[in-house]
Amino acid sequence: MITRWFYYVRLGVLDLVRLWSTTQHHVIIVAGICLPILLLLGLKRGHVANLRKELLTSPTGRQVMFWSAQKGELMTPARIASLQTDLPAVQLIIPETQRVVALRSQPARGEARTVSSATLYSTRQGDPLLQQLGATLPQPDEKGVVLAHPLATQLDVKPGDSVQVVLTREKGEKPESVTLDLKVLSVIPTDNARAMIGYLDVNVLDRFEQYIRGYRVADYGWPAAKTSARDAYSSYLVFCEKSSDLTADDREQLKERGLVIEDRTTQLPEALTLLLKPDKRENLRVYELSTSASKTDRRRALILSPSELSQSTAADDVVVPWNEVASGEIEGKPWLMVGLSLPKRTWLREYFRDPALPCTYDDEPMSVRVAHPGGFNGAETLKWPLRQGEVSLKVLSRSTVPAEDRGRAIAVVPANVTAWLAAHRAGMVDFDPLTQLFVAIPDPPLYDKARLYAQSIDDIPAVVEALNNLKFAVMSETARITEIHDQDRSLQLLVLVVGTGVFLFGVVTVFSVLLDSTDRKRGTIGILRVMGMSRAGIFMTIFIRAAVIGILAAGLSAGAGYLLSLALAWPPPSGSFFASWKPVVAVELYVADFLIILGGALVCCGLGALLPAWKASRLDPFDAIVEGRFR
Amino acid sequence: MLGTARRDNLQSLAILRHGPRITNLMNHLSHDDPVLEIEGLEQHLYDPARGERFVVHVRQRLSIQRGSVVALLGPSGCGKTTLLTILGMLRHPSHPEKLARFRMRPRRTGGDIFEYDLKEILLQKQRRTIEQLRREQIGFALQSGELLPALTVRENIAVPLRLNGITGAACWQRVQELLDAFQLRRPTTNGETARSGSRLEYSRVNKLSGGEYQRVALARAIAHHPTLVFVDEPTAALNRELAWGALEQLRALQTSTEAHGATIMITHDEELACAFADMIVRMAPVKGESAGEVVALEPNQATCGNGRVTVSVAESPLPPPPEPHPPEDSLTLPEEAPVFTAADPATPPVTPPTEEPKVASEPEPGENDLSTAPAQENAEPREEPSV
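Here the protein sequences line up with chains H and S, keeping their order. Just so we're aligned: 294 in our numbering is position 294 of the first sequence, and the numbers increase by one with no gaps anywhere. Just so we're aligned: 690 in our numbering is position 59 of the second sequence, and the numbers increase by one with no gaps anywhere.
Incorrect hints may have been included.
[Stated by the list, open to error] Beyond 10 Å from chain H on every Cβ pair, some chain S residues (computed):
(1) Glu673
(2) Thr716
(3) Gly719
(4) Glu728
(5) Leu778
(6) Pro780
(7) Ala801
[Stated by the list, open to error] A partial selection of chain H residues facing chain S, derived with a Cβ cut-off under 10 Å:
(8) Asp15
(9) Arg18
(10) Leu302
(11) Tyr590
(12) Asp620
By construction, these hints were calculated from the structure, which means they are not laboratory data. Backbone N, C-alpha and C fix where the C-beta goes; we use that ideal spot for every residue, glycine too.
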């Protein structure tokens, strides 16, 4: 049985090979059907690829600029990182910042060069814009710069040389400047011959910004501007004499301002108890003004004007900003630090044992008045320990400590010193040893604009939509990409419609050709049937014949299609008279296209062979022989 | 030679497949040893183009004896070819249920005889059994040869063997025998056989002359040792000498004691029939009806007198035939109905007459007539069929 079936296959193959003229005829017909489909696929791909080429080769094709505008959020580095993972198909997001600086160079030969105004833009490792230009990009935090060619020419530097950045800020009375040496990593070409621009790692540029804004840049040893951090207080103490106590209106008015009034007359802070005259204390009324959170949460400490508070009340009161008394050890001895600032002339000073001990609002910020049991004979400065380092307080006056104290010394400092120390303890301010000031810690950089690179231009529409949903203003090549997508879809439809039409007609043609061929082979089929070949054998022989024709036709189409694609893409020599008419048409053929054609040819021949093979297998053997003689 | 083991296997398979319809007659060999019997055939034909109806009758029992050559004679259009297609299982009878008898009795190599009840097989529409019978038990040499154009001479002869699963040395040895027997090796001018590339046996059939073509067809018909060989108009495309030589060879091979076969031949050539047939079956139109029927079955002696035509041919292209079979009484007397039986196959060697025999009538194209092929003797090499 199996031997017989193998023989059927052999008969089919011999028929194909020995009667090659017929086979060739059929192969050419089927190839004539497959070739246009293959070329259509190639032309469509080629055309779309041409449209996309510019966008694909230029990173601007997949670049999206987005910014906060009026509704979008300002972005921190953490937010940038989260956007990079949350948005669909994003390769990289680079915050868009820039800083105008002065650049100096010292070429090996010649005089120093200076460019007083160059703009440095942010970049980041993997920046496609610079990568496209072949630039070596700075590593994160690397002090390296990519210079535009005109700027590099102006500075007379090349990759590997150094340039010095000069940053200038005007936060104090006079401008301050710092410098930083940067290594030139690459020099990139620009369209603008006078472009004084460069690219710097975004983290380095953030530090430039930090400095310009007056913050300290510890990494680079750049000091903060001579501006202390803001002082805030956990509460305010209101001192009144019995005869001029707070009125009901005063209390009401203070409550309306959200302040809680607590009577501390009998529960004075210990340090105050030590400093006040015991005999006169009974004549005093002391209230503490605070809010529900100001005493527990440093971030919600109060910043109010004591004089304004005082004037708002009818009572003849003195309002004193107050923070918790700090304690510490200096040279092995316990110390208390009280922040106490009073107006220079006030009735309240008479209630202190030493009226000169409380500081005035005119005292230097980093000063101290010392109350020491044995008299303070130390240096001119008192060094108060911090978590890291110490702060030097200039000693303004010395006093003896009251007898009630148990050997503790008291450092009376301006109220804002205790405010800064409390904030420092809470990690909210930094102590700058260069300026000997408590300065604000910079907030994380905030970006209002960034450039984003999608993984491909096809991802741009989805990215743009997601950014729009986040209320960002967006600028991209979406319109062009959408147009390309539309054209791609149109051509796809065209290929589908034409391909389907050609394919259907192909099936009909193959069917018709094979039917005719079968008809002409009636004699052969008849004699095979007469000799006992089964119907299935006849069917299979014809079907295999069709399949082989399909494969050969696909091969012929593939070869011809490939050669045609080369011919179509061939650019005629410039100046050629005869070939000048020839356009250059891009045809892109993929392996998938050849597989489609092979599958199509097989399906086409298979479908086309079904009925002829079925009809042949059912021919009456004798009639087939008789009729075969007239074919 | 075709492997005897293979033939045994094929017949054993037949028993397995068709058990109840096959009777093992156990070495039954007597004077009455028919290989094919038919009786009560009524075949209705309709030609829609002409709107004509035609009926072929075989009312009596027609019994073809083993080892015999039967000639089917009659005017054109009387149903000879129709009868041949029915006997060769190429067509279904119009009313198989009306058949009184339709049996085939092939013999195994060991001598056992099996009986196929063809009527039953037809009634049950056992298409595969019919295909198997055609493949294994029947050979055809039709008027135009009908060789396969894609194959060479030897491949064409090997087709029935390959279809029966005979491959390799057994196949090609048998092919070689037939090539020798039918002189299908064309010598070169210096008398030696040409190299394989130019030898006749390796030629495609479109390179053959008419005589070679017909001889290949005859060789192919008997390649697989069929029980029955049907030959249609063997002389239509050949000259007398070639035709007679080829038929002589066919008879020698097909009716030998080893082959145990029978040959049924349609011809219009009375002389040919007299020369080769052991029995002549005459068919004729029925008067007043659009019908044809078997009107006579005559033993050859009755028709041609005492002897076969003994005309000598000086340049017969074929070798002398084998020894004739011993005489044997082959007539089977009817028991209930008249029975026509093939004559004794003991046939002496024959030679063609010197004059062309008178052809009863020229064949005309018709629905069941195979005599329409425009083949010419010693025709030019045929062209491949074109699309």
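Now the hints, each set against the structure:
At the 10 Å boundary, the C-beta of Glu673 (chain S) stays outside the reach of chain H, the nearest C-beta of that chain being 19 Å off. Its beta-carbon lying about 5 Å from the closest one in chain H, Thr716 (chain S) breaks the requirement of being farther than 10 Å from that chain. Distance to chain H contradicts Gly719 (chain S) as a non-interface residue, since its nearest Cβ pair spans about 8 Å, not more than 10 Å. With a minimum CB-CB distance of about 21 Å to chain H, Glu728 (chain S) clears the 10 Å threshold, and the non-interface call stands.
The Cβ of Leu778 (chain S) does not lie farther than 10 Å from every Cβ of chain H; its closest approach is about 8 Å, which violates its non-interface assignment. The claim that Pro780 (chain S) lies off the interface is violated: its Cβ sits roughly 7 Å from the closest Cβ of chain H, which falls inside the 10 Å cut-off. Ala801 (chain S), annotated as away from the interface, keeps every beta carbon of chain H farther than 10 Å; the closest lies near 12 Å. Given hint, Asp15 (chain H) at the interface with chain S, holds; its Cβ is 4 Å from that chain's nearest Cβ, closer than 10 Å.
The restraint placing Arg18 (chain H) at the interface with chain S holds, with a minimum CB-CB distance near 4 Å, inside the 10 Å limit. Because the beta carbon of Leu302 (chain H) sits about 104 Å from the nearest beta carbon in chain S, more than 10 Å, this interface hint is broken. The interface hint given for Tyr590 (chain H) is violated, since its Cβ lies 35 Å from the closest Cβ of chain S, which is over the 10 Å cut-off. Annotation: Asp620 (chain H) was flagged as interfacial toward chain S, and the flag holds, the nearest CB pair being 7 Å apart, inside 10 Å.
When each numbered hint is compared with the structure, violations occur for hints 2, 3, 5, 6, 10 and 11.
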